[in-house]
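Enquirer: Residue numbers (the numbering used here), protein chains in the order written: chain G, 685 to 1331; chain H, 2 to 124.
Please note that the accuracy of each hint is not assured.
What the hints assert, rightly or not - Under 7 Å between C-beta atoms, here's a sample of chain G residues computed to sit facing chain H: (1) 838; (2) 839; (3) 842; (4) 845; (5) 846; (6) 849; (7) 893; (8) 895.
If you are wondering where the hints come from, they were derived from the structure by calculation, not from laboratory data.
The C-beta atom is built at its ideal place from N, Cα and C for all residues, glycine as well.
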Amino acid sequence: MNEFGEMLQEFIHEAREYLDAMNQELLNLERGDFDAVNEVFRAVHTIKGMAGFMGFKNLENLCHKLENLLGEIRDEKIEINSDLVDILLKAVDKIAEIINLIENNKKDEIDISDILSSLESWKKSCKENKTSENQNLNLDADFVVDIKIADDCLMKSVRAALVIESLKEFCKVVSVVPSEEEMDSTNFNGKFSILAKGDCSKIDEVLERIAEIDSYSIKPLSTREQTKEPKKDSNVIEEDKLKIEKVETREKEEDKEAIPEKKKSESVRVNVSQLDKIMNLVGELVIGKGRLLQIASQYDIAELKEAVSILDRAITNLQDEVMRIRMVKVERVFNRFPRMVRDLARKLGKKVEFTMEGLDTELDRTVLDEMTDPLIHLLRNAIDHGIESPEERKALGKNEVGKIKISAKRERNNIVIEIEDDGRGIDLEKVKKKAIEKGLISESSAASLSNEDLISLIFLPGFSTKDTASEISGRGVGMDVVKTTVEKLGGSLKVATKKGEGTKIRIQLPPTIAIIKALLVNVSNETYAIPISSVVEALYVDSTNYKVIHGNPFIIVRDKLVPAFKIKEIFGIRNGKMEREVGIVVEKNGEKYALIVDSISEQQEIVIKPLTGYLSKVKGFNGITILGDGRVVPILDISSLIGGDNF
Amino acid sequence: MVKLVRVLIVDDTAFMRKLLKNILFSAGFDIAGEAENGKQAVELYKQLKPDVVTMDIVMPEMNGIDALKEIKKIDPNAKVVMCTAVGQEQMVKTAIKLGARGYIVKPFQAAKVVEELKKVAGT
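This is chain G alone, in the form it adopts within the complex (with noise of 0.2 Å):
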């Protein structure tokens, strides 16, 4: 048992990464690279195969369908469009929802009837296709032109009518696929084949008199046949027997292609809270170390001085270690937004360019997830209210084709990631009326406002300059939380826009969050750490700056009011009142505020050890730290602080 449940989580995390590829390779084959189409091939395959060894029928048998889709595409028997990548996508979706359930209830019972019969019916409309294709090669015909009637075309179907009689003039029409009839029935997309006999050098002239037709071809049909010829005996002999025997065939050269490709990479999978665990104990390592340094300088031995020393320096070495193994590729999660863009701008009706840089970028595990839902936003942002519909793009002299780019990249101790777009820009005066009629701002200091100070009221909470939430973005909860996020994690965000020509979104983050620089201050005699990414500066407080009007403590910063909190008050710390106290100015949202303590005694990095149990529950703190002397320190976090009234 305890065999199978490993044998199903290496089945899970392995179907995963074949998913992802999937994802990617659908996009590369919509975009026009038909190997593409193999890569797929090989990991439903593989996934079908696993599938079948767990036992997992229901998924093997999409699997399985899927695959012989995919087949008759790497035969190109079936036309490549964005309507059969949107299906094929969707089975690859329904494939991670069944991987969930396995994952979760080591069943995969779900209905797959759906996607089944989309599948079959795709295969199926395809064929006939071709087969009526089939039967026209037999029948006497010399040249098949192929039509596109403009999209814009009213009664396409009557367009085409105007073609096939034109033809008719000159040469014998011997076939229209889809029929005439089918134009009438169905919805008829404006493409469409004429099988024809007789001369086909007027047909450049006659088609040139007819309007709305956006391409066309001609291709003589003995050509076509031999191009045709090697597959034929696939296509007309379409006995059940045969059919089997050939996917099987298929299945067995695959087979052979596979495995020597199969990466073998030399890596184990670790849970990451194995990882917390681990700096968690090297965190109790410092403080066993600090401990043994404190009792060798106390009975002065030497030779306890000098092996600390040594332990000191692996301790170090293991901290840096288990730091780099906590840290990822910000790819593992930049991946999943090739098909993300794609399918919203899909749905959105706007040509997207979407490009990725700096995939190996690494980032800690924890950074990279927390930020992953506000990445998301901001591109949903730059595709659904950024780029312009093509219509507006062409009329705006700017390619039909919006751009969207994500990059990461290591800058000094920091990652930046950059989200740029080159669609209309945020509209200041738009931000300016809008934070009006929200009551956000006055009319009177909406006059004075820099587009700085403009661009910032976007990240207020309650915000969205479309008048109507839509279903993608802008539920006007977006670009707070965004902020808020990219704050918690120690870092900073910037927005650069013009108008017209599109937007760029800066995120500076720590490369890791489980290491920070803080202040450590003194309250009385306790200690507390500040995390120095939110301290904008730090003062004496006296009788001449400080502050009580109506009773709110505020301090003055050259000539402003900042609201203040006393730490001894907010922890209900008794102590006699000081001379001369310290206000640490932080931010949070965009206000700044004063935090007032003793003093401060210095400033290092420290290693957050989170709060568990019902300790997590303690709000004002994000953890704890354990300085080099052994002493516990409670980080304060800021914004629960500042904003919380549970106190």
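Take the given structure of chain G and dock chain H to it, following the hints.
Expert: Positioned in the frame of chain G, the structure of chain H alone reads:
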């Protein structure tokens, strides 16, 4: 010297004739004449020998389809463009089988009308 394409506009409503006239005139076509029913259209075709005819389908006295037939009898190479509305697909198809060279759809979009007539006239 560029010879303007001469168009005969056939429609029973003055409004539609005027609309087409405006569209075609500003696109550089010459208006050869106007007819308000099929019968008049056939007569005028004989007289004016226009390059292109825009032919409404539903008209009193003689409808567009019959007028098309008559005109084709007079001149098998006559270039007739049918004026149609959504829902009249089958009628237009009949007209096309009878030799109509194109169709324009009401409500008219100027660009489409001009494109169609230019294509049919061969300019």
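Enquirer: So, for every hint listed, does it hold in this structure?
Expert: To see whether the hints hold, each was checked on the structure:
1. Checking residue 838/G against chain H by beta carbon gives a least distance of about 4 Å; that is within 7 Å, so the hint holds.
2. Because the closest C-beta pair between residue 839/G and chain H is about 6 Å apart, less than 7 Å, the hint holds.
3. Interface restraint check for residue 842/G: the shortest CB-CB distance to chain H comes to about 5 Å, inside 7 Å, so the restraint holds.
4. The interface hint given for residue 845/G holds, since its Cβ lies 5 Å from the closest Cβ of chain H, which is under the 7 Å cut-off.
5. Below 7 Å, beta-carbon pairs count as interface contacts, and residue 846/G has one with chain H at about 5 Å; its hint therefore holds.
6. Checking residue 849/G against chain H: minimum C-beta separation of about 5 Å stays under 7 Å; hint holds.
7. Interface hint at residue 893/G: satisfied, since its Cβ lies 5 Å from the closest Cβ of chain H, which is below the 7 Å cut-off.
8. A hinted interface residue such as residue 895/G counts as satisfied when its beta carbon comes closer than 7 Å to some beta carbon of chain H; here the least separation is about 4 Å, so the hint holds.
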